[in-house]
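K.L.:
Input sequences plus hints: build the corresponding full structure.
All residue numbers for the sequence shown refer to the UniProt record's numbering, where the first residue is 1 and numbers rise by one.
Treat the hints with caution; some may be incorrect.
Unchecked claim - Beta-carbon label-pair distances, calculated as ranges:
1) Arg82 - Ala4: 41 to 49 Å
2) Val11 - His73: 31 to 39 Å
3) Leu149 - Glu86: 39 to 47 Å
4) Ser109 - Val77: 45 to 53 Å
5) His71 - Leu38: 46 to 54 Å
6) Gln67 - Pro139: 56 to 64 Å
7) Pro27 - Gly2: 41 to 49 Å
8) Leu83 - Arg129: 31 to 39 Å
9) Ala122 - Arg100: 12 to 20 Å
10) Glu93 - Gln67: 33 to 41 Å
Just so you know, these hints were derived from the structure itself, not from any lab. Fair warning: this is a prediction, and the values are worked out from it, not measured in the lab. Where a beta carbon is used, it is the ideal one built from N, C-alpha and C, also for glycine.
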Amino acid sequence: MGAAALFGVVVLGAVFTVMWLWINTTPATGEQKTTAHLEVFKTTASVAVMLGGIGALYLAARRQRTQGAEHAHAVRVAEINRLHAERVAAATEDDAVRRRVTELCTKASEQFGSDKAPVRLAGLYALERLGQDNPDQRPTIASPWCACLRMPYTPPPTTALPATHPAAGVTRPLLRDPC
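P.N.:
Listed below in structure tokens is the structure:
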């Protein structure tokens, strides 16, 4: 912009000088020459103001374009930041869910390994509920059940009941009512 302004000033000065000298070479009277010189000065000043206005319009348009580009960039950055924040929030939520499932599975497995039958059953039910609530974790949750079923079973040593005992010799099925 500086070179264009300098070029405009040089051209304007050259036009002013040429017109001024041309008036001096015309066969006009002193008063006519003075009037012509004033007209040259007014015309040159008007052209200078017009060129200044054009330069100001150019600068305003350039500033507007720059501000528009900056605004578009700010909008893009804000959108990128919003999407990133959503991804971080989703990852944090997923991590919290996974930690909770891990804690519940650990606690249920501890109960499942207890010596007391009611605690073991509570652990099994907790694992079952955890598997129902988290389908993607079912293979992991089913592993302790399968391992328990694969373990060899050694029945406790049987002791013979005395013949005087009322249940001696009576066999009864090992089935229970599920309720």
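K.L.:
If a hint holds in the structure, say so; if it doesn't, say that too.
P.N.:
Tested hints:
Separated by about 42 Å at the C-beta atoms, arginine 82 and alanine 4 satisfy the suggested range of 41 to 49 Å. Roughly 38 Å separates the CB atoms of valine 11 and histidine 73, a value that falls within the hinted 31 to 39 Å. A beta carbon spacing of about 44 Å between leucine 149 and glutamate 86 agrees with the range 39 to 47 Å that was offered as a hint. For the pair serine 109 and valine 77, the supplied restraint of 45 to 53 Å holds, since their beta-carbon distance comes to about 47 Å.
Histidine 71 and leucine 38 have their C-beta atoms about 49 Å apart, which keeps the hinted 46 to 54 Å range intact. Between glutamine 67 and proline 139 the CB atoms are about 57 Å apart, so this pair conforms to the stated range of 56 to 64 Å. For the pair proline 27 and glycine 2, the supplied restraint of 41 to 49 Å holds, since their beta-carbon distance comes to about 43 Å. Checking the proposed 31 to 39 Å range against leucine 83 and arginine 129 shows it holds: the Cβ atoms sit about 36 Å from each other.
The hinted window of 12 to 20 Å between alanine 122 and arginine 100 holds, with their beta carbons roughly 18 Å apart. The given range of 33 to 41 Å is respected by glutamate 93 and glutamine 67, whose C-beta atoms sit roughly 39 Å from each other.
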